[in-house]
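K.L.:
In case you want the letters, here they are:
Protein chains: 2
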Amino acid sequence: MESWKILKREPVLDLSPFLKVEKHTVALPDGQVIENWPWIISPDFVNIVVITAEGDYLVFRQTKYSIKGTTLALAGGYIEPGEEPLAAAKRELLEETGYAAEHWENLGDFAVDGNRGNGIAHFFLAREARPVAEPDADDLEEQEMLRLSRAEVEAAVARGAFKVLPWQTAMALALLRW
Amino acid sequence: MESWKILKREPVLDLSPFLKVEKHTVALPDGQVIENWPWIISPDFVNIVVITAEGDYLVFRQTKYSIKGTTLALAGGYIEPGEEPLAAAKRELLEETGYAAEHWENLGDFAVDGNRGNGIAHFFLAREARPVAEPDADDLEEQEMLRLSRAEVEAAVARGAFKVLPWQTAMALALLRW
Numbered sequence: 001m002e003s004w005k006i007l008k009r010e011p012v013l014d015l016s017p018f019l020k021v022e023k024h025t026v027a028l029p030d031g032q033v034i035e036n037w038p039w040i041i042s043p044d045f046v047n048i049v050v051i052t053a054e055g056d057y058l059v060f061r062q063t064k065y066s067i068k069g070t071t072l073a074l075a076g077g078y079i080e081p082g083e084e085p086l087a088a089a090k091r092e093l094l095e096e097t098g099y100a101a102e103h104w105e106n107l108g109d110f111a112v113d114g115n116r117g118n119g120i121a122h123f124f125l126a127r128e129a130r131p132v133a134e135p136d137a138d139d140l141e142e143q144e145m146l147r148l149s150r151a152e153v154e155a156a157v158a159r160g161a162f163k164v165l166p167w168q169t170a171m172a173l174a175l176l177r178w
Numbered sequence: 001m002e003s004w005k006i007l008k009r010e011p012v013l014d015l016s017p018f019l020k021v022e023k024h025t026v027a028l029p030d031g032q033v034i035e036n037w038p039w040i041i042s043p044d045f046v047n048i049v050v051i052t053a054e055g056d057y058l059v060f061r062q063t064k065y066s067i068k069g070t071t072l073a074l075a076g077g078y079i080e081p082g083e084e085p086l087a088a089a090k091r092e093l094l095e096e097t098g099y100a101a102e103h104w105e106n107l108g109d110f111a112v113d114g115n116r117g118n119g120i121a122h123f124f125l126a127r128e129a130r131p132v133a134e135p136d137a138d139d140l141e142e143q144e145m146l147r148l149s150r151a152e153v154e155a156a157v158a159r160g161a162f163k164v165l166p167w168q169t170a171m172a173l174a175l176l177r178w
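Protein sequence lines correspond, in order, to chains L and C. No gaps in the numbering here: position 1 of the first sequence is 1 in our numbering, and each next residue is one more. No gaps in the numbering here: position 107 of the second sequence is 107 in our numbering, and each next residue is one more.
You can take every hint at face value.
One copy or two, it doesn't matter: identical chains are merged, so the pair holds either way.
Cut-off 16 Å, straight-line C-alpha distance, at most; resulting in silico cross-link-like pairs (EDC-like, lysine to aspartate or glutamate): (1) K68 to D109; (2) K23 to E35; (3) K68 to E142; (4) K90 to E105; (5) K5 to E142; (6) K90 to E128; (7) K90 to E134; (8) K68 to E2.
Source of the hints: derived by calculation from the structure; they are not laboratory data.
Can you build the whole structure from these sequences, using the hints too?
P.N.:
Following this line, the structure appears as structure tokens:
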């Protein structure tokens, strides 16, 4: 199978650093040409499933602009320019929770949108996490940190309590892995 | 916890029907006002995990514009205006595979982006699926249909072979559910 070829890219929106949109002209393997294919440029991001040294899952309950009411949430955020995904995950975990973790493993890297890009989600499982500092998050949302048992996390995932797609994904992958 | 209030919305890009972008002015619970908050408007979509009457998982291998090489993929697509998510899932399954399924259950509904909207992903598990028609998909990608065993799907999810976020999510949730 052959991938599509990009023939032309035209910027149509610039809300840097968080969102840019382009229109692409694309050639399909059969010679067909598609114009005005939307392409979303957004920073790659990390999300972290955190298991403490005591075996609890460290999550947040918070409001989010896209969500009605509150949602369970994971630590995470955008990757800085030039930063490695794992370094970003360690930085975000420390900033948002004050925890550092001994064992890190990658849970996979996924395109947010198969057609339009919109950044890559990098997921990590951090185990043997312990508090080493005060949280120092710059997040705008109100939030509280919770410790959940594995059974509570399984029930939360089963009822879709992580209402934002990448958080639900990372937690489901962690449950399958560990 | 209080949700944010929207004070003003300004259209900044219109690539209807698939993508619109707005800038919002938003009031936080503490009175802080944020301007130029990006908001992505995109149709809601469905993805379907299909298990045949023989117990195989029906998936695709295909190219996608956002992906290098090929990826494993699920049936799915955008919901039509006014269409219920379950009806969209049944329509997409029939169009893309020619299969109809006896048992349907919802695997959850998730905001693609917690900050910027970008549509809702509705996931379904369809069991006891049987071929009833020829596939009649309007998808532009080259693709082949595959039947995988549960062990093959577990291995594929573990190595991140569904390279697009909602597909990996839906399959992980199906493995946890069934």
